[in-house]
Amino acid sequence: MSSLAVRKAAPAAGTTPGTAQGPPLRRRIAFVPTLTLLLGALYCLLPVAWVAIAATKSGRELFSTFTFLPGTGFAENLKDLNAYRDGVYWKWMGNSALYAGLGALLSTAVSALSGYALAIYRFRGRETVFNVLLAGVLMPPVILAIPQYLLLAKADLTDSYASVLLPLVLSPYGVYLARIYATAAVPGDVVEAGRMDGASEWRIFTRIALPMMIPGLVTVFLFQFVAVWNNFLLPYIMLSDDEKFPITLGLFTLLEQGANAPALYTLVITGALLAVIPLIALFLVIQRFWSLDLLSGAVKS
Amino acid sequence: MPNTKLGRLVATSVAVALGATALAACGSSDDDSRADSGPVSLTYWSWTPGMDKVADLWNKGPGKKDQITVTVKKQASGDTLVTKILTAHKAKKAPDLVQAEYQALPTLVSNDALADIAGEAGGVKDKFAEGVWQQTTLGSDAVYAIPQDSGPMMFYYRQDLFKKYGLKVPETWDEFAETARALKKKSPDTDLTTFSANDSGLFAGLAQQAGAKWWTTEGDKWKVGIDDAASQKVADFWGGLVEEGAIDNQPMYTPAWNKALNTGKQIAWVSAVWAPGTLTTAAPDTKGKWAMAPLPQWTDSDNVTGSWGGSSTAVTTDSQHKAAAAKFASWLNTDPEALTALAKEGGIYPAATTAQTSDAFAEPPAFFSNQPDFYTKAADIAKTTAPSAWGPNVNVAYTTFKDAFGKAAKNKSDFGAALKTMQDDTVADMKKQGFEVAE
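Respectively, the protein sequence lines represent chains A and B. Just so it is clear: in the first sequence, position 249 is 238 by our numbering, and no numbers are missing. With the second sequence counted from 1, adding 44 to any position gets you our numbering.
FYI, nobody ran anything at the bench for these hints, they're computed from the structure. Just so it is clear, CB atoms sit at the ideal spot from N, CA and C, and this is done for glycine as well. Everything hinted at is true.
Far from chain A, some chain B residues (derived; all Cβ distances over 12 angstroms):
1. ASP160
2. GLY183
3. PHE206
4. GLU381
To spell it out: a stretch of chain B is covered by chain A in this simulated footprint if at least three of its residues, at any positions, have a beta carbon under 8 angstroms from a beta carbon of chain A; those stretches are:
5. 82 to 92
6. 319 to 332
Between the sequences and the hints, there should be enough to build the whole structure, so can you do that?
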């Protein structure tokens, strides 16, 4: 991965005109881009390292010992987190997994269907629909949270799992991505051939187009999963029962306990560290699909 | 009340979103507090830790008899919760009971979110100090909430280090300034304390002690007195100390602040009754080395304090069972059993005066085991709490305070100008919201 990154970054950084044109004969390490990337990596990883190290510190050590000196309280922190309100943390973790997993799955399914339809079928108003969707991509979801709350309140659905899941189902960005991907990955000829052979539209979609779209849909799924996992405002507005909270919201209640109870920093930090693990695991598992994506692209062109 | 960036972000985004939807203000609320008969079930939004356990006491005891069941839904505290309550209220879905900080009450009342429970709960008035109770009536005949906890302000100092540096506990603010200067002379690297602009409640409390009245009504107009003489006196006092370098100008609740307290680089803190909890996490190595004294006074003959923090229990206009909700709120904040449980589970300092000297407060906080009469002293100080005057946009004033005073403290510049900014921005916002403001 790193060698690929270095080669890709070299022309972009524009070091010498020689390296930018054509493949270099001898692989040289380009110092400036490498250094830039290393700095970037450091910038991204340092906060993670901070969380990982801070999670090992006991409350007494947290602010008094050197920042990057591991502490002795990790087991204690885990135990406290586990004991907090009878293990409600794991409930939050489960809720987050449900919201992110099911929400991303539903939204990927919807995105796949609508993206495919927008890419393959020609119908009146197609561009209008697409342009409206594009406008939706630009609209920050924060603005929608309150109107969505008021709508769902009319349907008496607030403070339920559905209140968080429903608004997630339609993701303009997902549809947009799926359409772009379907346009590129599903050739019109193949669809036409399927029709010639008498396959129904549904069959063409599920048996022919869908497998071709998988790498793109994985991307949509992953984007949605991460977005929902980190989402804060929507569940904050929708939910009032802390048994239904996702992890972001739960940790927030640990921080803001009012003046009489100090913020439970050690628990929040440990909780945040644990909350990152599923995301990392997901990325590691799904990475395979992405390399497939790169390969298939290369073969086709 | 550590105010997180996240919290502010949420408040801002919710405010933006609320503005964007441009919802028409909701009309009159249907006021059908029908006579409660049959089982009633109430929901209660609260951030106090362990509130569910206190509600269980009710559900198994008096609540069972009256067939009133209370379900606690734990929330995050702060301005964000006020916005959440208002959003829910727009959809007529606010819970029956909410916990609200005193300074948030006018905002909630002016949005018609809180019910007047004078009829049901007015009888508990004499259980509370005058200055505390008055915050729940907003100076009217109505009662919009029952006080739960209060935060009378006090002066905390490192007993051992005061002795080491030969300092006397200041009884007036002049002595306070002298103490800060004397310490600087003896140990230039040590600060008496810091002026922090990241929690507006501190400055509001100090101004309140000096006699400031930030929001008052004149006829049917609001009058904003944020830059009145009393507040100016307080601003100039602290601004002067910061400018001459007698005290530090770094914000509170940061890791650096924790470290300064923990290592004895800062040896005093102007805070409120809940300080022991904060010190326990901020400065764990200093256990048993602190002591509490009354807040320094402006003149020798004075004996007043401000309040910083504290909250109340309110019944919303959306509740279908206002009488039942008011009954629970009264029990929660006046019943000895409930208050003892609140102190034990939630670590609150009760607003009810009898509870302040109850068995639950016989022992000092563990962090202050060296001061056995901590709570006796605290109860005496609590009685001297000055009345406070909150208005409908405290959040705006607080945000401007953080920005203007934060900048002034950092640059060691004129605090008076910062106060003027705070006044102007607050008045401008009230006018924008459609309140009539007297000049």
